[in-house]
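As they're listed, the protein sequences go chains S and H. Residue numbering for the first sequence is 1 to 232, as defined by my numbering. Residue numbering for the second sequence is 233 to 464, as defined by my numbering.
FYI, nobody ran anything at the bench for these hints, they're computed from the structure. Honestly, I wouldn't trust all of these hints.
[To be verified] In silico lysine to any residue, SDA-like type, Cα no more than 20 Å apart, as pairs:
#1 H:K253 to S:A139
#2 S:K198 to S:R232
#3 H:K409 to S:D171
#4 H:K253 to S:I25
#5 S:K177 to H:D403
#6 S:K21 to H:D279
#7 S:K37 to S:D70
#8 S:K21 to H:K409
#9 H:K463 to S:N165
#10 S:K180 to S:L167
#11 H:K253 to S:G206
#12 S:K21 to H:R256
#13 S:K21 to H:M439
#14 S:K21 to H:D259
#15 S:K37 to S:R78
#16 S:K231 to H:Q393
#17 S:K231 to S:N165
#18 S:K21 to H:V370
#19 S:K180 to H:G378
#20 H:K290 to H:V276
#21 H:K409 to H:G378
#22 H:K269 to S:N147
#23 H:K389 to S:D168
#24 S:K37 to S:N76
#25 S:K4 to S:G57
[Said to hold, decoys possible] Output of the computed footprint for chain H on chain S, the stretches with three or more beta carbons under 8 Å from beta carbons of chain H:
#26 15-22
#27 139-146
Glycine included, every Cβ here is placed at the ideal spot set by N, Cα and C.
Number of protein chains: 2
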Amino acid sequence: MAGKLYGIGVGPGDSGLVTLKARRILDRCDIIAYPVKVPGEGSVAFDIVRPIVDMEGKRIEEFVFSMDPDDSVRMNCRSKAIDRMCALLDQGNDIAMVTLGDVGVYSTYMYIDQEIRERGYETDIVPGIPSFCHGASVAGLPLMIGNEGLAIVPVAKENSQLLGNSLDNFDNIVVMKAFKSIPMIAKMMDERGIDRSKATVISNVGMPGEYVGPMDLTREYGYFTTVLIKKR
Amino acid sequence: MAGKLYGIGVGPGDSGLVTLKARRILDRCDIIAYPVKVPGEGSVAFDIVRPIVDMEGKRIEEFVFSMDPDDSVRMNCRSKAIDRMCALLDQGNDIAMVTLGDVGVYSTYMYIDQEIRERGYETDIVPGIPSFCHGASVAGLPLMIGNEGLAIVPVAKENSQLLGNSLDNFDNIVVMKAFKSIPMIAKMMDERGIDRSKATVISNVGMPGEYVGPMDLTREYGYFTTVLIKKR
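When you get a sec, could you build the whole thing from the sequences and use the hints?
Here it is as structure tokens:
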């Protein structure tokens, strides 16, 4: 009988924020898998679960999903990874693929899940705590209260209009992937008369370069930087 | 020495989706507390943790936070609850207040946290998995991929413009508190030429009346109903 594939959200970075269900599945699966962009780069998600899971007799497998700009390189790489995964499932292995934060928030896993299901295998998804929930808790702020809405927008060229629109219309805005864009965000707030004190930068929590506080345009921020803007 | 107050997100409804840290704190705290609107109504959040926490010698306390339309009734009720909480902290009790989903997403706890801190006590927040992450995982759909944004908008009179704006501008929209509003959401999608098949209703997952599927305007939905609209 073929094994089953699990997509496991392991939360934002603290082993304590892994769920009971995630640990239970990781304890009993045959293989813990993680996606990488280049061979051997390791996995933050795997580092999170390593100290809390029984690794005795467990196989650890990396799967390469290239981010090459060439479509055919990416597709070829993905199809090789999926083929190998299916071979392992065919041998009866249950595979748990770990993913940072929540599985539904910008993860590679959802592409894999769809393709593996289309090939006739069973899959299951275990949600995890997304980074923006953790960030708000560290800052001691709610994401939203009452009937307020929340916009989540990653910094990207194609999103500058969406970000402006969100600043105009939402009470609460989470700007993701903001590490290089604090000055740009400050400028957009200035243009709209939103006081800069309404923004809290949440950067590299629990990692080197941790910073939680107001926007400081003179410093550099680590890769895991989110800005929470609360207009009220 | 005064005790400490913890705000604990217990996730969307499955005891397995409680985090290791939440359980650790609940196991060792003196009092498990939960907010209610009227005395004796019970707590879904408490029901989630009851089977997985060591309740031996533990005190369980409800705190009433009235939703009365009269401001003075609400404020008076809140201040009595906070006073009682402070008295328990003064006696050296660590209190863990449980909250459904994530603490930062529409919870009463954030108001309490702020006031308790202002009165000089120590508090800590443990994030949980919000319902919309769980809902997406049950539906087998990502909330967002690539550089897409996500709008989260609860149904409310004052939000009809915000919801329209979100449907116009975002790739992904989560509509919360949607149990009575499926026909209204369908109409707003029709007006914008967004095919109704782009919407997935996620209702009362793991509870009586569970439904995960396309918008069905002929049926009634339970209180915990979310609609996930993915335009792409």
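query: Hints broken by the structure, by number, lowest first?
result: When the structure is compared with the hints, numbers 8 and 21 turn out to be violated.
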